[in-house]
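Construct the entire structure; sequences and hints are all you get.
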Amino acid sequence: MEIVFGRPKALTKVEFHYCPGCTHGIIHRLVAEIIDELAIQGKSIGIASVGCSVMAYDYFAVDMIQAAHGRAPAVATAVKRVHPESVVFSYQGDGDLAAIGTAEIVHAAARGENITVIFVNNGTYGMTSGQMAPTTLIGQKCTTCPEGRDPGRAGYPIRMSELLATLDGATYISRESVHTPARINSAKKAIRKAFEVQLRKEGFSLVEILSTCPINWGLNPVDSLKRVEDEMVPFYPLGEIKKCREV
Amino acid sequence: MDQRVVISGFGGQGIMSMAQLIVYAGMMDGKNVSWVPSYGPEMRGGTAYCNLVVSDMKIGSPVVTKPNTLIVMNLPSLIKFEKSLVPNGLLLMNSSIISQRPARNDIRPYGIKINDLAVELGNLRTANMIMLGAYVELTKAVSDDSVFASIKKVLGGAKKELVSLNIDAFKLGAKSVHAMCAKI
Amino acid sequence: MEKVLMKGNEALAESAIRAGCRYYFGYPITPQSEIPEYLSKRMPQVGGVFLQAESEVAAINMVYGAAAAGARTMTSSSSLGISLKLEGISYIAAAELPCVIVNIMRGGPGLGGIQPAQSDYFQATKGGGHGDYRLIVYAPSSVQELADMTYQAFDIADMYRNPVMILGDGLLGQMMEQVELPEFKENKLIKTADKSWAATGTKESRPPNIFNTLYLDPEKLEELNLALFEKYKAIESREVRAEEYMTADADLLLVAYGITARIVKTAIDEARKKGIKAGLMRPITLWPFPKALANQLSAQVKCILTVEMSQGQLIEDVCLAVGRRVPVHFYGRVGGMIPSVEAVYHEICRYAGMKDDALLELDAGIRYTYAEV
Ligand SMILES: Cc1ncc(C[n+]2csc(CCOP(=O)(O)OP(=O)(O)O)c2C)c(N)n1
Ligand code: SF4
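Protein chains in written order, with our numbering: chain A, 1 to 247; chain B, 1 to 184; chain C, 1 to 373.
Incorrect hints may have been included.
[Stated by the list, open to error] Computed cross-link-like contacts, DSS-like style, restricted to lysine-lysine with a CA-CA straight-line distance of at most 25 Å:
#, chain 1, residue 1, chain 2, residue 2
1, C, Lys3, B, Lys153
2, C, Lys3, B, Lys58
3, B, Lys160, B, Lys171
4, C, Lys231, C, Lys220
5, C, Lys3, B, Lys152
6, C, Lys355, B, Lys66
7, C, Lys274, B, Lys66
8, B, Lys152, C, Lys41
9, C, Lys41, B, Lys153
10, C, Lys355, C, Lys273
11, B, Lys58, C, Lys273
12, B, Lys83, B, Lys113
13, C, Lys3, C, Lys185
14, C, Lys41, A, Lys141
15, C, Lys277, B, Lys66
16, B, Lys152, B, Lys171
17, B, Lys58, C, Lys274
18, B, Lys140, B, Lys58
19, C, Lys291, C, Lys302
20, A, Lys243, A, Lys189
21, B, Lys58, C, Lys277
22, B, Lys66, C, Lys273
23, B, Lys159, C, Lys41
24, C, Lys41, C, Lys185
25, B, Lys113, B, Lys171
It should be emphasised that the hints constitute simulated quantities derived from the structure, not laboratory data.
Structure follows, in C-alpha cells:
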C-alpha cells in the first residue's frame, strides 16, 4: 500500500520542540515536502537562523549551517557562490530578518543572490519570550511594549516583502499564511515557485509566511489562528508581491 | 537556621511562585534569602526547578547542590534530585502523582496529596499553596504571618477571595501534613 | 531603607534609573532581557527614553550619540551581543564618552548557550575591540552589588569620561535576593555635572564641541593615546577595589570574582572546619586589577587557586601580578555549568594535602597548574 501522508524524507525523525499550536512546524513540513517533490534533498544546503527555528539543523535532513543572528543571507550568499549547483535556502524569523539582519537581507536581494529565503513572521521575538519585533502591530502588547506598540515611541511595523520587492535583484516574493488548509496549500505552491526560481537560476526568491506564537501572544492555538486572519492579514496582505519573468 | 531547598516539578505547577513566597516571608522575618530559578526554553512544559536559601547567616553560594529540604511535585523531579539530598534531609513529595517510594532510607520522606486536596478545595491551582503549608509546618522556616503577608503582597491587587483561598490552602497543607504524612 | 526582593536584572535596571540614567538602548537577549523589559515599563514613568534598537550594533551607537549629547546613558546585553558592541565601545572609549555597558554573561563561544558563564573576562578587561583602550570593569557578586555598582558606575564614568562595564552573569541576573535600593539622585545634581564638552548646539556662544576619533596625523593620534594612557594610569592608582575573606592567616589563597566568589566562600567555610587555612581574594574591579594586593597576599601563601566559569582567564592576571613566587592552580567549569561548593572544597583539600575519601574521584571540570615556581 502506498503511504500518502508520511513524513517527508527531507525531515529527520527528531520531534519538533515547538510549543503547542505554533505553526513553525507546519512551515518546516511544507519546505521539506517541496524538497522531496523537487528531488533536491541531496543538493540542498539550509541556513538556520537565530530564533525559535534555530534548531532547524536538527529537523531538515540536508546539510545545515547555523548562522549568527540576522546573518543567514550573508552565509547563504557565500555557500551559493561556492556551490552554484546546490540549492541554498535560509529559514529566518522576523526579529532575525527584519531587525538585526536587515542589512544582510536587503543586500542579498539587491545583489540578486540566487537563494531562497523562508521568512517566518509571527510579529514577536518568540525565542526570547515575546519582546517587540519590527513586525509587531500597532497596539500589540509585548514584553518591551507593555502598553502596546506606540508608534510615537517605537515606530511602525515594517512590511518587509513590499520593501524588498522594490529591489531590482529580487525575482520572486510572496506573502503567505498557514492558518487554514487553503492557505497552507497556497503557501506550499509559493515555496515551490521560490525554489524553482532558484533552480532556473533566476535570482533572489523569498516567501514570507505569517505564523502564530500562541505562547507569547497569550492566546490558545485556535484563537491564535483567528488572530492571524483578523489582525495580521489586514496589515500584511497575502499573495504574490513580485513575480519577474514567467515564474 | 539554614534552609537550603530545592523545589522541582513541571512548568506550570507554581514552583517559582511558591519558592518566591518562602523567600519573601523569610525576608520579612529578617532572614537572609536567595532564590535561583532554572531558566530557558526548556521551561515550556518541561521540568522547572528552583534553589532557595533562607538563613540566619550571610548567604555564600545561592546555588543549592546539596539541599537539606527537597520538594518534588512530580516523578522526574524525584528521580533527578533524590540523590542530592543530605543524609537525614527532609523530602516532601506530591503523592497525588508520585506513587513511587524514594529509593533512600537515610532521609525523612513525607507525602502529601496536594492535587487531591486542591481539588477538594475547589481549585487545582492551589496545590502549590498546600505544599507550602506542609513545608512551613514541618520546618518552621518562616512564620505563618509573614507567609500570609507575602501572599497578600504577591497577589497584589487581586480579589480578596483569591487571597483567602490561598491562605486556606496553606492552612490545609499545614494541617494535612500531620494527618496524612505518616512515613511512607 | 526598606529591603525589597528583586531579580538581579531588575535591581540593576531600577538602580540605573535612580542614578539618573534616562536613556536606555538595548536589544533582547537571554539572560538579560528583564533589563530592557523592566525599563520599557519604567522609563516612560520617569520621563526617560527606552528604545529597543534593531541590533546591538545600533544600540551601542545610540549610546555613543546620547553620551556625546551629554546624557546619562546605558545599554545591556549578554556575551554574543557584547561582541557586536565592541566596535562602538572602541569609538566611545576613543571619544572619551561616559556610559554604562552591562554584560550578563552566558556560555560561549558562538551562539553558545543561555546558562551563566564568565568567559568574557578577556573581552571585558583586555580590550575586545580594537586599539589601546580600557573599560573600568566592575564584577558584582550579589543582587545588592549589582544595584550599588550600577549606581556608582554612572558617577565613575562621568568622573573619568570613560565607559564603565558591569560584568555579571546569568545566575546573578536571574536570581532574587533582598536588596536595599539606592536613593533617587536629584535630577538637578546630575545636570550640573560639568558636561560643557557635550554636543548640545553651540547656541552661538562657544566654539563647536567635536567628537571625532579620526587622527590621520600619527603625532596627533599618539597625543590622544598618551592622554588616554595618563587617564588609565590615574584610574589604576585610584579605583582598584577588592574584597578579602579570611586572608589574615591564610596559607592557601583562592581568587575568584562575581558569583563564583560566593561559591568559593562557602567552600572555604567547609575547609576551615577541617582546619585548612584557606582565604579568598575577590577582585571587585577586574580592570584595574588588584595587582598589589594579589602580590602582597602571595607572599604569605603556599599556593594560589583561581576558580572561574571559564577555561582560565582571570588566572592570567593573577600570574602577572604574583610572578613565579608560588604555584598558581586553576579549577573551572565551562559552557554554562557552575562549579559546585563540593568540587571547590575538594580542590582546596587536594592542594592542602588532605586525603579525604571524597577526593579519590575528581569532580567534573578543568584543572591545571598555570605557573610552576
Ligand atoms: C547577537 C544576538 N543578539 C540577540 C540574540 C538573542 N535572540 C535570540 S532569538 C532572538 C529573536 C528571535 O525572534 P524571531 O527572529 O522573530 O524568531 P522567533 O523566535 O519568533 O521564531 C533574539 C533577539 C542573539 N542570539 N544574538
Ligand atoms: S515561542 Fe512562539 S514561535 Fe517559539 S515555538 Fe513557541 S509558539 Fe512557536
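Hints and how they fare:
{"no.": "1", "hint": "Lys3(C) to Lys153(B)", "result": "holds, 14 Å"}
{"no.": "2", "hint": "Lys3(C) to Lys58(B)", "result": "holds, 15 Å"}
{"no.": "3", "hint": "Lys160(B) to Lys171(B)", "result": "holds, 17 Å"}
{"no.": "4", "hint": "Lys231(C) to Lys220(C)", "result": "holds, 17 Å"}
{"no.": "5", "hint": "Lys3(C) to Lys152(B)", "result": "holds, 17 Å"}
{"no.": "6", "hint": "Lys355(C) to Lys66(B)", "result": "holds, 22 Å"}
{"no.": "7", "hint": "Lys274(C) to Lys66(B)", "result": "holds, 19 Å"}
{"no.": "8", "hint": "Lys152(B) to Lys41(C)", "result": "holds, 23 Å"}
{"no.": "9", "hint": "Lys41(C) to Lys153(B)", "result": "holds, 20 Å"}
{"no.": "10", "hint": "Lys355(C) to Lys273(C)", "result": "holds, 15 Å"}
{"no.": "11", "hint": "Lys58(B) to Lys273(C)", "result": "holds, 17 Å"}
{"no.": "12", "hint": "Lys83(B) to Lys113(B)", "result": "holds, 23 Å"}
{"no.": "13", "hint": "Lys3(C) to Lys185(C)", "result": "holds, 18 Å"}
{"no.": "14", "hint": "Lys41(C) to Lys141(A)", "result": "holds, 12 Å"}
{"no.": "15", "hint": "Lys277(C) to Lys66(B)", "result": "holds, 23 Å"}
{"no.": "16", "hint": "Lys152(B) to Lys171(B)", "result": "holds, 15 Å"}
{"no.": "17", "hint": "Lys58(B) to Lys274(C)", "result": "holds, 20 Å"}
{"no.": "18", "hint": "Lys140(B) to Lys58(B)", "result": "holds, 19 Å"}
{"no.": "19", "hint": "Lys291(C) to Lys302(C)", "result": "holds, 18 Å"}
{"no.": "20", "hint": "Lys243(A) to Lys189(A)", "result": "holds, 14 Å"}
{"no.": "21", "hint": "Lys58(B) to Lys277(C)", "result": "holds, 20 Å"}
{"no.": "22", "hint": "Lys66(B) to Lys273(C)", "result": "holds, 17 Å"}
{"no.": "23", "hint": "Lys159(B) to Lys41(C)", "result": "holds, 24 Å"}
{"no.": "24", "hint": "Lys41(C) to Lys185(C)", "result": "holds, 20 Å"}
{"no.": "25", "hint": "Lys113(B) to Lys171(B)", "result": "holds, 14 Å"}
Checked against the numbered hints above, the structure violates none of them.
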